[in-house]
Amino acid sequence: MIMATGITTDPMLPQPYSVRDVAKETPDTFTLRLEPEIAVNRSSFQPGQFSMLWVFGVGELPISISGDPALQDRLVYTVRSVGQATHALVNRRVGEGVGVRGPFGTGWPAEAARGRDVIVVAGGIGLAPLRPLIYQVLQNRDDYGRLLILYGARSPRELLYRKELAAWARNRETQVLVTVDYGGLGWRGHVGVVTTLFKYARLQPAPAVAMVCGPEIMMRFVTRELENQGLSRDNIYVSMERNMKCAVGFCGHCQYGPHFICKDGPVFRYEQIRNLLEKYEL
Amino acid sequence: MAHRSEHVLGVDQLGKLIGVLARKGYEVIGPTVRDGAIVYDHVESAEDLPAGWTDEQEPGRYRLKRREDMALFGYAVGPQSWKKYMHPAEVRLWSAERQGGTFRILNNEVKPQRPHALLGARACELAAIAVQDRVLLEDKYRDPIYDQRREGAFIIAVQCTQAAATCFCASMGTGPQVSGGFDLVLTELIGPEGHRFLVATGSDRGVEVLTELEAVPATEEDRQQAEAGVEAARQQVRSIDTTGIKELLYKNFEHPRWDNVASRCLTCANCTMVCPTCFCTSVEDVTDITGDHAERWRRWDSCFTQSFSYIHGGSVRTSAKARYRQWMTHKLASWIDQFGSSGCVGCGRCITWCPVGIDITEEVGAIRDGGKDGNP
Ligand SMILES: Cc1cc2nc3c(=O)[nH]c(=O)nc-3n(C[C@H](O)[C@H](O)[C@H](O)COP(=O)(O)OP(=O)(O)OC[C@H]3O[C@@H](n4cnc5c(N)ncnc54)[C@H](O)[C@@H]3O)c2cc1C
Ligand code: SF4
Ligand code: SF4
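Residue numbers (my numbering), protein chains in the order written: chain S, 12 to 293; chain A, 1235 to 1610.
Errors might be hidden in some of the hints.
[What the hints assert, rightly or not] Calculated cross-link-like contacts (lysine to aspartate or glutamate; reagent style EDC-like; alpha-carbon spacing at most 20 Å):
(1) Lys1485/A to Glu289/S
(2) Lys1555/A to Glu289/S
(3) Lys290/S to Asp1571/A
(4) Lys290/S to Glu1488/A
(5) Lys274/S to Asp1571/A
These aren't lab readings, by the way, just hints derived from the structure by calculation.
Generate the whole structure from the sequences, applying the supplied hints.
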């Protein structure tokens, strides 16, 4: 009998965490802060990695870690309620338990990007897995060149982390550009898909590394635009999403051509998957 | 590796072999006749083995037939493979109890059980076990359930001396000759010298078991007869030309043949259930009526189901075309990139057990030949 002590090597066993805070980001998206029920557990992860979160009696699902990697006493997730499991997750109350497996998968190339400009391009909830990377760059500001954040959402009320976006923009050598598909009254910012922001971006392709996360269609357009801007395919990274049941390469659900998104991804070098992105129903 | 010091066991020794294995603590699993097919199940004695039976297989068709002799292993392969025991169709991963707002994981299910002795594993089946080893043990993570079952298993391979019409192991390089991955290997010999088995050992455990049996040194005739048997099994009507097969399938992601096969495929998932290498699973949480007790079960799943590729907003592979293409391309192409070998060992089960007789060898052939309408 294995008790949930946290000292186990079975990657299929969830570890008990409890909800410490739930913050509303948008009408359907919430950020949850979880802390381990067994205090000795440290939660170290690489920006871009994800966990499998389990709600008792409901089910388990993959969610990216969206918190600050320097804070190892907690795990932070930003969840958009789209179905049964995500709905249950965002409705957890402070003090209630959530099972956590992971962290799993590959992270953003934070090391490889040292000394270079970093271009972050996000669509919708796709900003969540990129936030840890943004924290890391800003905390080690001297290790990186310019930071460029291009972010698009459907409407102003669906923008995540609005206060932080403004705060990030106040850092030196940092440019934050935000756009929405439909502005509505009172919106004075950009309107249009995220690729339209490139003409306002102060971008120097040569020393830059780009990291992209959003709906697949958006990533197709953004990667193409980044290539047009002069970035080489080797310097563009994207994060992919597929159905996942185990996150350790056994269930087969997340196969993407020759790759398993759970263990070979979710973050891929664009060059690795460029041909696959064009294939319908792969 | 088959030690060259081969011996011969009389047919009467087979019952004794089963007894020795049971005494050593193994649950012996072997071929037995049930519901008109040869299936793997618990065998108590040699009486349970399919003496005098053989199988006739064609696309979409399987039939048992009487043999003229009383061979115990005179068939090719049945619908089941050993994955039924090594990677079971259903396992409970853990259970949990609600405690206030939180929970406690109670146990995980690597349940103590008797190790299995697999009696009658074919060359293609050993190859399939090696394929599953690469997936479940030798990649980034180890599956503790498979690990525990696999590690304890004692394997008695039996050489094929005839192939079914659906077999194509020779072209896949996985058979019919057993060449490793066993504790004991038998070749069934029937002739004027009587009904007997040529036996070789492949491990120390195998040697230990063999010393408890009454074996006599093999003669040159025994060896020649065994070789002729395997040679006979090499005569196969089906084959896949595997040259450049990965590139062939990657290159033909769009090909009219996929529409052609999709018009016949029922997406019933039979092929994935009978395939000895298919490993995909799903997990399901079940909660009891009080809502205080939850269990997580892992069950075989199939890329032929619509839900397999579901992500919020819809499934990735909605069409039968995309699902058949995923299955075959995975088996024969992406598997090579993922695990360093083909995912198909040429056992032919998917051909026999497809209700509409779709034949993977024919599908590959049609893609290789090009044809615009995808007709063979
Ligand atoms: C690597 C990765 C990281 C992710 N990170 C985030 C994140 O940070 N924030 C966020 O809000 N969402 C994220 N998602 C998407 C999230 O997992 C799905 O929105 C969620 O599974 C939907 O579950 P549901 O039960 O609420 O929805 P339903 O539509 O009711 O789904 C039913 C079931 O289908 C499966 N499923 C549905 N959609 C997905 C999906 N996209 N990926 C995998 N399985 C799915 C799940 O098993 C789910 O329980 C991520 C997905 C992946 C693969
Ligand atoms: S794909 Fe068909 S022939 Fe190949 S191993 Fe699986 S069941 Fe056997
Ligand atoms: S190929 Fe045959 S066995 Fe496989 S899903 Fe289609 S109809 Fe079923």
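task = Take the C-alpha atoms of lysine 1485/A and glutamate 289/S, compute the straight-line distance between them, and say whether it is at most 20 Å.
result = 13 Å, holds
key: 20 Å Cα cutoff - pair lysine 274/S, aspartate 1571/A   = 14 Å, holds
ask   = Going straight from one Cα to the other, do lysine 290/S and glutamate 1488/A come out at no more than 20 Å?
value = Given pair lysine 290/S, glutamate 1488/A holds - Cα atoms ~9 Å apart, limit 20 Å.
query = For the pair supplied as a hint, lysine 1555/A and glutamate 289/S, is the alpha-carbon distance within the 20 Å limit?
reply = 17 Å, holds
message = Next pair to validate is lysine 290/S with aspartate 1571/A; report whether the Cα-Cα distance is within 20 Å.
response = OK: lysine 290/S and aspartate 1571/A at ~18 Å, within 20 Å.
Against the hints set out earlier in the document, no violation occurs for any number.
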